[in-house]
Amino acid sequence: MSSFRFVRGSVSPADHLAPLHDQACGGYVSFEGWVRNHNDGRDVQRLEYEAYERLGVKEGERIIAEAMDRFQIEHALCVHALGSLELGQMAVWVGVSSHHRDSAFAACRYIIDEVKHRVPIWKKEHYADGDSGWVNCEACASAATQSPPATVSGGRAGQ
Amino acid sequence: MKTIRIEYFAALREHTGVSSEEIATDAQTVDQLYAELNGRHDFPAIGQLKVAVNDEFGDWQTGLADGDSVVFIPPVAGG
Chain A
1356 MSSFRFVRGS
1366 VSPADHLAPL
1376 HDQACGGYVS
1386 FEGWVRNHND
1396 GRDVQRLEYE
1406 AYERLGVKEG
1416 ERIIAEAMDR
1426 FQIEHALCVH
1436 ALGSLELGQM
1446 AVWVGVSSHH
1456 RDSAFAACRY
1466 IIDEVKHRVP
1476 IWKKEHYADG
1486 DSGWVNCEAC
1496 ASAATQSPPA
1506 TVSGGRAGQ
Chain B
35 MKTIRIEYFA
45 ALREHTGVSS
55 EEIATDAQTV
65 DQLYAELNGR
75 HDFPAIGQLK
85 VAVNDEFGDW
95 QTGLADGDSV
105 VFIPPVAGG
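Heads up: the protein sequence lines correspond to chains A and B, in order.
For any residue, its number in the numbering used here is found by taking its place in the first sequence, counting from 1, and adding 1355.
For any residue, its number in the numbering used here is found by taking its place in the second sequence, counting from 1, and adding 34.
Only chain B is shown next, with the shape it has when bound in the complex:
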């Protein structure tokens, strides 16, 4: 098991009701982590998500290590 910290922003933050959480997981990749979290939170259909691992853009196959932080990034709307 590894401990992963997840931060939520915008529509995902409002849906989960928290800005961040830490979970113990066996997920090997970001993709697997998302599936596990979706089982808990039943994420809404927000659109095409991107992902960041340790404050850098990653992809869905990025491997996870103990202590990593992950952010699922909803479609952006700056400006």
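Just chain A, same shape as in the assembly:
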């Protein structure tokens, strides 16, 4: 099984934990990302996740491999949700096991930070006022203020 996986709907860590169990390991650290009810001062009701899965799995596996290289850990996995998620559901889970706890904490932090920055996953927030928007999308942010359609004829905003 891949060290980075996508699943439909909320992540259930119990479905993925088995490869982390190792009698040589005295430490297990996990991170769970939950759907919260607010972002940037707006009331969020639910989220939708979408990914470019073929590249996402490759990049996620690269991140896990980097963590295995950099930190003294034995096993690491990351699972990310796709599709519609309700408040409180689990959007992402990282699990790391190691001989000693320090490296497991550090590796877990490294993996979630890199996944958030590098893996092609997008999140659409649905707000209490009926509006919705893609997170980190400039045009979506300006559309949300009810200004005229924010199209730019010059092309992409940069490289």
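No wet-lab data here; the hints were simulated from the structure.
All values reported here derive from a predicted model rather than from experimental measurement.
Watch out, some of these pointers could steer you wrong.
[To be verified] Below, computed lysine-lysine pairings styled on BS3-like, alpha-carbon distance capped at 30 Å: (1) K1413(A) / K1471(A); (2) K1479(A) / K36(B); (3) K1479(A) / K84(B); (4) K1479(A) / K1413(A); (5) K84(B) / K1471(A); (6) K84(B) / K1413(A); (7) K84(B) / K36(B).
[Unchecked claim] Residues of chain A placed beyond 12 Å of chain B at every Cβ, according to the derived structure: (8) S1367; (9) S1385; (10) G1415; (11) Q1427; (12) E1429; (13) H1430.
The C-beta atom is built at its ideal place from N, Cα and C for all residues, glycine as well.
Dock chain B against chain A, hints included.
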């Protein structure tokens, strides 16, 4: 002319109204392809796009060959 397959995700998918399309083009690079597609779709200002060619990250000067697939990657927001 070469045939290029383009996949769209998130805000770009919603803007174009399609998940993918194939076009016949003379574009030599990803940059030229983007300019041609922007003429058709008038892409919104989404932020700094990255690009993938054949399911690997590329850059805007990556050359295109017949049958390549291209994805323009909006700013990501996982987690």
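Against the structure, the hints come out as follows:
1. Pair hint K1413(A) plus K1471(A) holds up; C-alpha atoms about 14 Å apart against a cutoff of 30 Å.
2. Proximity of K1479(A) to K36(B) is assessed by CA-CA distance (about 34 Å); at most 30 Å being required, the pair is judged violated.
3. Proximity of K1479(A) to K84(B) is assessed by CA-CA distance (about 19 Å); at most 30 Å being required, the pair is judged to hold.
4. Under the criterion of a C-alpha separation no larger than 30 Å, the hint pairing K1479(A) with K1413(A) is consistent with the structure, at around 23 Å.
5. Restraint check: the Cα-Cα separation between K84(B) and K1471(A) comes to about 15 Å, which is no more than 30 Å; the hinted pair holds.
6. Taking the CA atoms of K84(B) and K1413(A), the gap is about 16 Å. The hint holds against a cut of 30 Å.
7. Restraint check for K84(B) and K36(B): satisfied, since their Cα atoms lie roughly 22 Å apart, inside the 30 Å limit.
8. Remark: the non-interface label on S1367(A) is consistent with the geometry, its nearest Cβ contact in chain B lying 17 Å away (cut-off 12 Å).
9. Separation of S1385(A) from chain B is adequate, the least Cβ-Cβ distance of about 14 Å exceeding the 12 Å criterion.
10. Remark: the non-interface label on G1415(A) conflicts with the geometry, its nearest Cβ contact in chain B lying 9 Å away (cut-off 12 Å).
11. Listed as outside the interface, Q1427(A) is consistent with that label: its C-beta sits roughly 25 Å from the nearest C-beta of chain B, beyond the 12 Å cut-off.
12. Consistency note on E1429(A): stated as away from chain B, and its beta-carbon is indeed over 12 Å from all of that chain's, at 24 Å minimum.
13. No beta-carbon of chain B is positioned within 12 Å of the beta-carbon of H1430(A); the least distance is around 21 Å.
Hint compliance for this structure: hints 2, 10 are not met, and every other hint is.
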